[in-house]
Amino acid sequence: MKAATRTLVVAALMLAAALVAAACGSEDTIGGGNQGEVQVAKAGKPTGDITISNWPGYIDPGKNGTVAEFEDKFDVNVSHIEDVNDNVQFFGKLQPQLEQGQSGGRSLFVVTDWMAKQMYDLGYLQELNHPDLKTVFDNIRPELEKSESDPQRKFSIPWQGGLTGIWVDTKKAPEIKSVDDLFDPKYKGKVTMLTEMRDTVPLILQSQGIDVDEATKEDWLAAIDRLKEAADSGQIRRFTGNEYTEDLTSGNVVAAIGWSGDASLIGREGVEWRKPTDGCDLFFDQMVIPAGAPNTAAALAFMNFVYRPEVQADIAEYVNYVTPVEGVQEILTKRDPELGQNPLIFPPAGLTKGCSGDPDPPGDAKDQQEVTEAFQDVITG
Amino acid sequence: MTRGVTIRRRLIPYWLLAPGAIWLALFFVVPMYFMGELALRSGTPAIGFTFDWAWSNFPDSLDGNTEQIVRSFYYSGVATVLALLIAYPLAYAIAQASERWRPLLLFAVIAPFFTTYLIRTIAWKTILADSSPVVDVLRTLALVPDDGRVLATSGAVIAGLTYNFLPFMILPIYASIERLDMRLVEAAKDLYASSRQAFLRVTLPITAPGIVAGVLLTFIPAFGDYVNAAILGGTNQAMIGNRIQSLYLFQRDYPEAAALSFLMMALILIMVVVYIRLAGTEASMGEEDEGR
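Listed in order, the protein sequences are those of chains A and B.
Under the numbering used here, think of the first position of the first sequence as 1, with each following residue one higher.
Under the numbering used here, think of the first position of the second sequence as 1, with each following residue one higher.
There's no promise every hint is true.
Here are the simulated DSS-like cross-link-like pairs (lysine-lysine), alpha carbons at most 30 Å apart as the crow flies [as the list claims (entries may be wrong)]:
#	chain 1	residue 1	chain 2	residue 2
1	A	Lys-366	A	Lys-228
2	A	Lys-186	B	Lys-125
3	A	Lys-228	B	Lys-125
4	B	Lys-125	A	Lys-171
5	A	Lys-93	B	Lys-125
6	B	Lys-125	A	Lys-188
Derived by calculation from the structure, the hints in this document are not laboratory data.
Use the sequences and the hints to build the structure in full.
Laid out in structure tokens, this is it:
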């Protein structure tokens with residue numbers, strides 16, 4: 001036998017052997033919930049190191065930024081990493097560790113409310129003791145004291161909220177006002193949508209005149225079909241996480257489904273966030289403490305710290321998302337009257353009326369899986 | 001006493017093999033075992049996956065992914081051919097350059113590697129942006145339609161693959177051309193071969209081992225790549241790597257992802273066998289000839 005062939009046969013045998021060795025497969029389960037007991041986050045004097053995972057551009061950076069200020073005030077060394085780009089992907093990355101009751105070294109992360117609930121239901125999060133979060137509950141806006149995904153605030157504290165709508169290049173596509181307009185052939189290849197199914201699909205459903213709360217699995221699949229057609233025809237340039245902002249910055253697209261507070265990431269004039277005339281989506285991202293998290297004392301201290309109105313004002317001024325803290329409007333109005341009236345930070349009731357939350361697809365786990373698969377098939381078509 | 005020495009001497013090759021074998025066992029066989037075990041589990045992300053000989057994961061994993069498999073072949077195949085067309089003349093020129101320039105030229109080939117793969121690929125996003133000077137030039141030359149674009153097209157993905165794996169093509173070809181004895185080419189010409197004949201009958205066969213190695217080193221990683229399609233591609237340009245990533249990270253269907261990875265490995269293995277058979281084992285084992 002020639003040497004090369006021999007090598008390849010050996011390699012093939014090794015592959016086969018690995019499969020056969022699987023015969024002695026263990027009984028344990030991979031994936032699924034964390035079977036350990038639910039932990040309660042321990043409070044204490046904050047010291048040491050702490051790692052926080054957050055979305056890009058979601059906190060004021062730099063020397064006078066909130067993180068630096070927190071490090072100054074307390075004897076804590078913060079590693080603030082912006083590695084959450086998409087809820088599902090972030091979860092998928094961490095899940096094998098979370099399942100083992102580990103947090104990958106992170107003490108706190110920020111995910112959207114529905115994802116926080118999903119994590120909690122799987123036993124991946126620690127519970128929060130309200131007396132440890134005095135500043136939070138002193139200052140939280142009353143309507144956020146409860147939420148649908150966490151009625152007793154047992155595991156999640158609001159970070160920032162926002163609206164999913166459309167970012168429009170006001171020069172190149174001034175007439176885009178609705179999600180439906182994004183399907184106008186005039187803008188072929190100049191439009192992006194989000195890889196977050198719970199943001200993109202409800203907007204499509206609303207553009208088709210369907211009430212998201214009443215939508216059936218078939219409605220979801222039909223909406224996904226519409227996306228597929230637009231992807232196949234080249235109408236939709238690509239599906240993105242936060243990096244849709246880059247395409248807007250460099251002018252590759254004229255409109256994108258995106259989040260209301262991302263002006264700082266886009267970083268240029270001439271683009272504007274619009275609430276679509278045919279629907280909108282309202283979300284709240286939450287701070288959570290994963291099971292197995294080190295240094296929960298510092299994590300709790302950080303939660304309290306960002307709920308100080310003057311600290312929160314800095315964050316709100318930078319990120320321009322809906323703030324969960326009372327008293328921020330007064331502070332910002334003093335700094336800049338226009339900012340105090342910014343509807344993206346302090347949305348009037350009219351702006352958020354009729355907005356869907358980030359809903360799960362309807363039906364049982366199997367139905368949801370089917371919808372998720374159909375959506376994934378389109379975005380990685 | 002003498003017997004002991006001979007035994008010890010006989011064992012030496014095995015001792016020399018040990019580091020490589022341990023490495024392979026640790027980082028290839030063991031992961032492969034876990035992957036194989038994972039591929040035979042069934043369940044859902046919510047309740048977890050248990051082992052129950054779910055062979056159906058293998059055919060299921062191909063379901064709906066054939067388009068991406070074919071596309072991966074196409075993209076990585078075109079990228080490999082392009083890389084070969086660029087690399088061969090380049091490697092030839094470097095090998096023929098004077099001793100003084102050669103190290104510098106080789107350094108130029110490797111220099112981009114001092115920046116990470118990801119950063120280099122993201123840089124291409126800026127280079128190929130719709131309003132970038134490069135794309136303007138391409139439009140002027142009518143290589144891209146006036147309202148056309150480069151970024152988020154198959155062309156961008158293939159260009160990215162070609163660029164990122166080019167050095168893997170250049171270096172083995174360079175190594176084989178550098179060892180080419182130019183007297184053989186001269187002899188061919190003395191025997192009235194035209195330049196073309198001399199190249200086809202002498203240079204090419206002698207440097208074939210480098211080409212075979214280069215093609216393998218380029219094609220295999222390019223086939224499994226997902227970064228280029230994710231960063232430079234658009235809709236309907238996903239490669240099989242993107243599908244596996246989506247199965248692992250987004251759908252969390254670990255068994256199907258593992259089964260698909262296994263099938264892709266088997267597929268690559270078969271292709272490599274066929275390719276080496278066609279290209280001739282002699283070529284891939286060129287060093288043997290030299291030793292004779």
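Check your understanding: Are the Cα atoms of B:Lys-125 and A:Lys-188 separated by 30 Å or less?
Key -> holds, 19 Å
Check your understanding: Taking 30 Å as the top limit, are the C-alpha atoms of B:Lys-125 and A:Lys-171 close enough?
Key -> holds, 23 Å
Check your understanding: Given the hinted pair A:Lys-366 and A:Lys-228, is their alpha-carbon gap at most 30 Å?
Key -> holds, 21 Å
Check your understanding: Between A:Lys-186 and B:Lys-125, is the straight-line Cα distance small enough, at 30 Å or below?
Key -> holds, 24 Å
Review point. Straight-line Cα separation of A:Lys-228 and B:Lys-125 no greater than 30 Å?
Key: holds, 25 Å
Check your understanding: Are A:Lys-93 and B:Lys-125 close enough, with their CA atoms no more than 30 Å apart?
Key -> holds, 25 Å
In this structure, none of the earlier numbered hints is contradicted; all agree with it.
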